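Colleague: What follows is the residue order along each chain.
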Amino acid sequence: MGMTFAEKIFARKAGKSEVRAGEIVFCKPDRLLMHDNAAAITDKVAKELIEFGVANPDQVVIVLDHTVPAVDEKTAAGHKKIREFVQRYGIRHFYDVGTGVCHQVMVEKGLVLPGMLAVGSDSHTCSYGAVNAFATGIDRTEAAALLLTGETWFKVPQSIRIHLRKRLPELVTAKDLVLTIIGQIGADGADYCSVEFWGDISYLTIDDRFTIANMGVEMGAKNAVFPADEIVKGFLTGIGVERSQWQEVWADPDAQYQQELVFELDRIVPMVAAPHKVDNVKPVNEFKGVEVQQCLLGTCTNGRASDFALAAQVIGRRKVAPGTRLLLLPASRSELEKALDAGDIQTLIEAGGVLLPPGCGPCLGAHQGVLAPGERCISTANRNFRGRMGCREAEIYLASPATVAASALTGKITDPREVL
Amino acid sequence: MRIWCYGDDINTDMLFPGKYTYTCSKPDEIKPHLLEDLDPEFAKSVQAGDIIIAGRNFGCGSSREQPVVGLKAVGIQAVIAKSFARIFYRAAINQGLLLIEAPEAVDYYQPGMDVELNPDVGRIRIGGQEFRFPKPPPEILGIVEAGGLLEYTRRKLKERTGRK
Chain V
2 MGMTFAEKIF ARKAGKSEVR AGEIVFCKPD RLLMHDNAAA ITDKVAKELI
52 EFGVANPDQV VIVLDHTVPA VDEKTAAGHK KIREFVQRYG IRHFYDVGTG
102 VCHQVMVEKG LVLPGMLAVG SDSHTCSYGA VNAFATGIDR TEAAALLLTG
152 ETWFKVPQSI RIHLRKRLPE LVTAKDLVLT IIGQIGADGA DYCSVEFWGD
202 ISYLTIDDRF TIANMGVEMG AKNAVFPADE IVKGFLTGIG VERSQWQEVW
252 ADPDAQYQQE LVFELDRIVP MVAAPHKVDN VKPVNEFKGV EVQQCLLGTC
302 TNGRASDFAL AAQVIGRRKV APGTRLLLLP ASRSELEKAL DAGDIQTLIE
352 AGGVLLPPGC GPCLGAHQGV LAPGERCIST ANRNFRGRMG CREAEIYLAS
402 PATVAASALT GKITDPREVL
Chain X
2 MRIWCYGDDI NTDMLFPGKY TYTCSKPDEI KPHLLEDLDP EFAKSVQAGD
52 IIIAGRNFGC GSSREQPVVG LKAVGIQAVI AKSFARIFYR AAINQGLLLI
102 EAPEAVDYYQ PGMDVELNPD VGRIRIGGQE FRFPKPPPEI LGIVEAGGLL
152 EYTRRKLKER TGRK
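If you read the sequences in order, they're chains V and X. For the first sequence, position 20 (counting from the first letter as 1) is numbered 21 according to the working numbering, and the numbering increases by one without interruption. For the second sequence, position 66 (counting from the first letter as 1) is numbered 67 according to the working numbering, and the numbering increases by one without interruption.
Since the hints were derived computationally from the structure, they do not count as laboratory data. Each hint can be trusted.
Computed cross-link-like contacts, BS3-like style, restricted to lysine-lysine with a CA-CA straight-line distance of at most 27 Å:
no. : chain 1 : residue 1 : chain 2 : residue 2
1   : X       : Lys-27    : V       : Lys-48
2   : X       : Lys-45    : V       : Lys-75
3   : V       : Lys-48    : V       : Lys-29
4   : X       : Lys-32    : V       : Lys-75
5   : X       : Lys-157   : V       : Lys-14
6   : V       : Lys-156   : X       : Lys-73
7   : V       : Lys-17    : X       : Lys-157
8   : V       : Lys-110   : V       : Lys-234
9   : X       : Lys-27    : V       : Lys-45
10  : X       : Lys-83    : X       : Lys-32
11  : V       : Lys-413   : V       : Lys-283
12  : V       : Lys-110   : V       : Lys-82
13  : V       : Lys-29    : V       : Lys-234
Which stretches of chain V does chain X cover? Using the computed rule of at least three CB atoms under 8 Å from a CB of chain X, they are:
no. : region
14  : 138-149
15  : 381-389
Not everything, but these chain X residues come out facing chain V in the computed CB check (under 10 Å):
no. : residue
16  : Asp-9
17  : Asp-10
18  : Pro-18
19  : Lys-27
20  : Asp-38
21  : Ser-63
22  : Arg-65
23  : Ser-84
24  : Arg-87
25  : Gly-149
26  : Tyr-153
27  : Arg-161
Nothing here was measured: the structure is a model prediction, and the numbers come from that model. No residue lacks a Cβ here, since even glycine has one placed at the ideal position from N, Cα and C.
Build the full structure now, drawing on both the sequences and the hints.
Modeller: Pasting the structure below:
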């Protein structure tokens, strides 16, 4: 019997010829990601760090992104503490304020490669499935223990195989696809599972795959992964990674799956996840006319140059509707630079958009873009939980960059196909 | 002892709002905001020994561990749910907070019923009816028995250096 992607990764990392779903293995992840929470993480084991040191400084990646630039004295002190830690323990992979959201930075700097095992003290660590890595979120305590030992336990997950067929229509995006999947299987539809994407994936760019893998955790998945095909290889060559640096992994054709699903991409339409659950998904037309006061375009889910290009294409030379705010939140400096070179940021600013520093803040109500009671926001982020954007009495709708841009034009939730 | 009863998909933003994640990390900072966006009554009245009963996918969303640290700190005896999200489940093992996956027990429970827990033998008694739940797998029992991952790691590191 063949092995799934997850079984193969864990067999390799545990030094075994074969492992099966349900087995518990101990292994050393290739990467341990932390962000602003590194301050609290290192605090937990301050004494032990002095006594035992960091097990493997090159395993560790730290990116400051959640409260950047610092919100207040407390977060500033946290950042300072992290910079001191990085200095003291020789952490090479450190990215300071302004580099971008940790997940985007991991992928664009080539810190995570095909066939790697990565863990991170952030639930959206699953994003690196876009480049054929097994990547999953852990809590702060586990990250602290990993700093000291470099090792942790994993239960080899069951797997779900999703077959994608045909192409997405014009102005329908990977975001609409992943919202459709989550709407169908539910917020716990892939609980504890590794989700593999098969089929007509050559139509999906790295950015598309990032958006899809990023939202794996919103269906409960442990990871969500694509094969290392020509698109992945082309992307890695483009960022200067040599072919000898990675060993890709993919499932055997006769591997065993808990579930198999098929999605016909040509039938997908623009979708919206309504408050307050990510699986509360319906076609955009069911929300026609719902007024929005804020539109958030960006985050690690949809803050890349291609997302700004799509939004700029929808908006054109028009203006954001009076009474509506459009916030632009790039996933990284590099993606912001690309969008500036393309002229798309200028288009969006001229339309009335407000450019924020690359980072996470507004997405989780940690910094900037907080909502007022009774306000509604349509956002390209990955979560619409109650209180997520800092206010319990506000509402968040999730959609694609095209739908968010169209809604910014009208001040109401709008199907992008109707304004272009 | 009070039973706090909640529904499906209780996410970590409801258990502990994201806006506090970079300013509150210690148990005493976490406690006043526990379940703030789900049930403002909880933080005011919760007492050691109380139990939470919930539906499917409890603890979904962010990897923030403050909900687990907070529930442990206020002395929640256990969370009994139909199912748990995986990062939350792991975080609970790491903090030594007892989570019990027992869908039949959750379905059976009606407000006002007595709930009695016996984790050592893996038994819940609800209104006279008995339900069983499995122990954690042997490979990770060491973490649970040490009272959490940090204590387990400390012991392991000491053993290692002791041997040298």
